[in-house]
Amino acid sequence: MSENPEQQIGRLKPGPRLRAALLVLPLMAFIGVTFLAPLANMLVRSVYDPVVADALPETLERLRAWDGQGLPGEAAYEALAGELLKAREDRKLGQVATRLNRVQSGLRSVLTRSARRLRNVDEGPWSGAMMNIHAAWGETGTWRALREAGERYTSRHYLNALDLQRDSGGSIVPQPEDRRIYLTLFWRTLLVSLGVTALCLLIGYPVARLIAHAPPKRAYLLLILVLVPFWTSLLVRTTSWIVLLQNQGVLNDMLVFLGIIGDDGRIAMIYNMTGTFVAMTHVLLPFMVLPLYSVMSAIPRVQTSAAESLGATPWQSFWRVYWPQTLPGVGAGSLLVFILAIGYYITPALVGGSTGQLISNMIAFHMQSSLNWSLAAALGGILLVCVAGLYVLYDRLVGIERMRLG
Amino acid sequence: MTTTEHGFWHIAYLGFCALVFAFLIAPILVIVPLSFNAEPYFTFTDGMLRFEADAWSLRWYRQIVEDEEWSRALVNSLVIGISATVLATALGTLAALGLSSPAMPGRRFATGLLISPMVTPVIISAAGMFFFYSNLGLAQTHIGLILAHAALGTPFVVITVTATLAGYDANLSRAAASMGAGPLRIFHRVQLPLIAPGVVSGAIFAFAASFDEVVVVLFMGGIEQRTIPRQMWSGIREEISPAILAVAVFLIVFAVLFLLTVEWLRRRNAR
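Residue numbers (this note's numbering), protein chains in the order written: chain G, 1 to 406; chain Z, 1 to 271.
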């Protein structure tokens, strides 16, 4: 990049540089603490979980010498018996059991039952006593799961988020078919985002062109029509779509009234993928129209007229003269809509039903319902990397400072 | 003008655009008459369509005005929104002044970082903030939500003020300096009045963002921090009642006022 003289001066003198940096510093510090630190904290959570390691340190120490084949020695049983009782006293057992259960389902009850029954056992051999309480203690898999859950730093949650797991030999293999859910969801999110972006471009392009080449007063009025939905609360717009599309909603009522469908043939247009798709397109369309409009309004009208007077058909003059010049707007709008679409949460949550959920909704599910926060953090980490990549691309192609609002 | 402009394709093009505009506006407009429904339905009753007087009523408006939950939500929304806006506007304007200076070191990177809260999926911000703010004891407090909303609102201020500053003639500052004005005086008397439209627009954007934010509130707010969007969220999910249509109409009026103010400021600034 070539620099103008002012920039060169700016580089040479320390005064202006320092002053500019000092002006930015307060916000940088603020964003650092209130926004970036929480994100970093979440990413740490996706690979770091000390609960099991802190609760069962001695057991895990004993297991370090174990080769993962057969059963561990009596010392491991003894250590575990003591630490389970202690965890139960410290009220940590629930947390430990939950984590173990995520590595191998069914272990929650094994752990709680063992801790309860172990109170009545006074002396060893502990291995026999524990296998008596639950046969799972005689299985190699249980101990492997325990060792895995005991890792402080783990890639388990990321593997899990990509429908992968480690097999008994430690190599990475796909999850069993019935446990694969996240890749499908990532895939669906990608397809929906691409679809919404394409649809926004398809219907936004003609509209942007109409506004860009209308007389100023009319252009202003039409622009307001695009901006009203842009400014209207997301929840209001989502409510509108529920009102319009639900079974007893305005659109179905109208279709029944007109005799196009019978009263029993009402179409399910919401609480499914259709609802997500329609509402998302509505919400994101202004983000496509506005950048297109600002690029198009800089294109002189005479160009296409000139092309046509030179014998080009309207199609040729559009495709060869007009379209190439709008590509920056197409890129800016599409990228912005796509970035916003892949992280979409509110609309699918409210109108998506069970089939219209996207990856963000799964993150919310693990945050609020299953309380598997590490997995939520890992899913969030993957989504964050995707968005960050697209964001850098946007900066390269369009420039962040040129993002136009409203 | 060529003849094709008046041909079939041109009419088809205009018709298509009209449909898209209808798609944009109709869902918002349809809410307005429905909010006057005398019955607890989300659709037009026969009486409404025949314009019978008793099919229309202010029942839902009365309900939201009298309902304490809604008025408490309004107070919360205003307190959180206004505090977050003040914070975001002050910090954002300062930063924009720095970012607009050609001398700013690492300008592109700094801009990217400061705008990032706007493009980060809100579910990720909310999840991260929930963990972090809980550790600090700021979850379920007004302060926590104000800080969170301020962080999410600053990019809007940075963008609008930076855009306004792009049209600012640096010679004005130099002229003021040559006549003996200090940096503070220059900012206050010369720069600020000229960039004021951008600052106000940014503030409106930041306020609107907070006023419409639900996910962070959902994760971090308790009963005491219920805002209007949070209340609407429950309304949509749990006890669907036409009362939320009445609230929606209020929010649409707000939106139009915000929009007209920002557009008015933009045109003023363009001149």
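No lab work stands behind these hints, which were simulated from the structure alone.
Beta carbons are placed, not taken as given, at the ideal position from N, Cα and C, and that holds for glycine.
Don't take every hint at face value.
To give a feel for the contact side, a few chain G residues facing chain Z, derived at Cβ under 7 Å [claimed, not checked]:
| # | residue |
| --- | --- |
| 1 | M42 |
| 2 | T232 |
| 3 | A307 |
| 4 | L310 |
| 5 | I363 |
| 6 | S369 |
| 7 | L371 |
Counterexamples of contact, computed for chain G against chain Z with all Cβ distances above 12 Å [stated by the list, open to error]:
| # | residue |
| --- | --- |
| 8 | L23 |
| 9 | E61 |
| 10 | S109 |
| 11 | L244 |
| 12 | Q246 |
| 13 | D253 |
| 14 | G262 |
| 15 | E401 |
| 16 | R402 |
| 17 | M403 |
Which chain G residues face chain Z? A few, computed with CB under 7 Å, are given here [said to hold, decoys possible]:
| # | residue |
| --- | --- |
| 18 | L39 |
| 19 | W231 |
| 20 | N247 |
| 21 | G380 |
| 22 | I382 |
| 23 | C386 |
Hint-by-hint comparison with the structure:
1. Annotation: M42(G) was flagged as interfacial toward chain Z, and the flag holds, the nearest CB pair being 4 Å apart, inside 7 Å.
2. Given hint, T232(G) at the interface with chain Z, holds; its Cβ is 4 Å from that chain's nearest Cβ, closer than 7 Å.
3. With a cut of 7 Å, the hint placing A307(G) at the interface with chain Z is violated, because the nearest CB-to-CB distance is about 11 Å.
4. Evaluation of the L310(G) hint against chain Z yields a violated restraint, the C-beta minimum of about 12 Å exceeding 7 Å.
5. Evaluation of the I363(G) hint against chain Z yields a held restraint, the C-beta minimum of about 5 Å falling below 7 Å.
6. For S369(G), the interface hint is violated, the least distance from its beta-carbon to any beta-carbon of chain Z being 13 Å, above 7 Å.
7. With its C-beta approaching chain Z no nearer than about 12 Å, L371(G) sits outside the 7 Å limit, and its interface hint is violated.
8. A beta-carbon of chain Z is positioned within 12 Å of the beta-carbon of L23(G); the least distance is around 3 Å.
9. For E61(G), the non-interface assignment is confirmed: its Cβ lies about 29 Å from the closest Cβ of chain Z, beyond the 12 Å cut-off.
10. In this structure S109(G) is separated from chain Z by more than 12 Å, as the shortest Cβ-Cβ distance comes to about 29 Å.
11. Listed as outside the interface, L244(G) is inconsistent with that label: its C-beta sits roughly 6 Å from the nearest C-beta of chain Z, within the 12 Å cut-off.
12. With a closest Cβ-Cβ approach of about 7 Å to chain Z, Q246(G) is found to fall inside the 12 Å limit, against its non-interface label.
13. Interface exclusion of D253(G) from chain Z breaks down, the closest Cβ pair being 5 Å apart, not more than 12 Å.
14. Look at G262(G): its CB is around 17 Å from the nearest CB on chain Z, clear of 12 Å, so calling it non-interface holds up.
15. A beta-carbon of chain Z comes within 12 Å of the beta-carbon of E401(G); the shortest separation is about 6 Å.
16. Annotated as non-interface, R402(G) brings its C-beta within 12 Å of a C-beta of chain Z; the closest such distance is 9 Å.
17. A cut-off of 12 Å between C-beta atoms contradicts the statement that M403(G) is not in contact with chain Z; the least separation is 6 Å.
18. A distance limit of 7 Å between C-beta atoms decides the matter here; for L39(G) the minimum to chain Z is near 5 Å, and the interface restraint holds.
19. Residue-level restraint check for W231(G) holds (minimum Cβ-Cβ distance to chain Z is 4 Å; threshold 7 Å).
20. Because the smallest distance between the Cβ of N247(G) and any Cβ of chain Z comes to about 10 Å, over 7 Å, the interface hint for this residue is violated.
21. The beta carbon of G380(G) is positioned within 7 Å of a beta carbon in chain Z (closest approach about 5 Å), and the interface hint is therefore held.
22. With a least beta-carbon distance of about 10 Å to chain Z, the hint placing I382(G) at the interface is violated under the 7 Å criterion.
23. Here the hint on C386(G) is broken, as its CB sits about 9 Å from the closest CB of chain Z, past 7 Å.
In summary, the structure is inconsistent with hints 3, 4, 6, 7, 8, 11, 12, 13, 15, 16, 17, 20, 22, 23 from the numbered list given earlier, while agreeing with the others.
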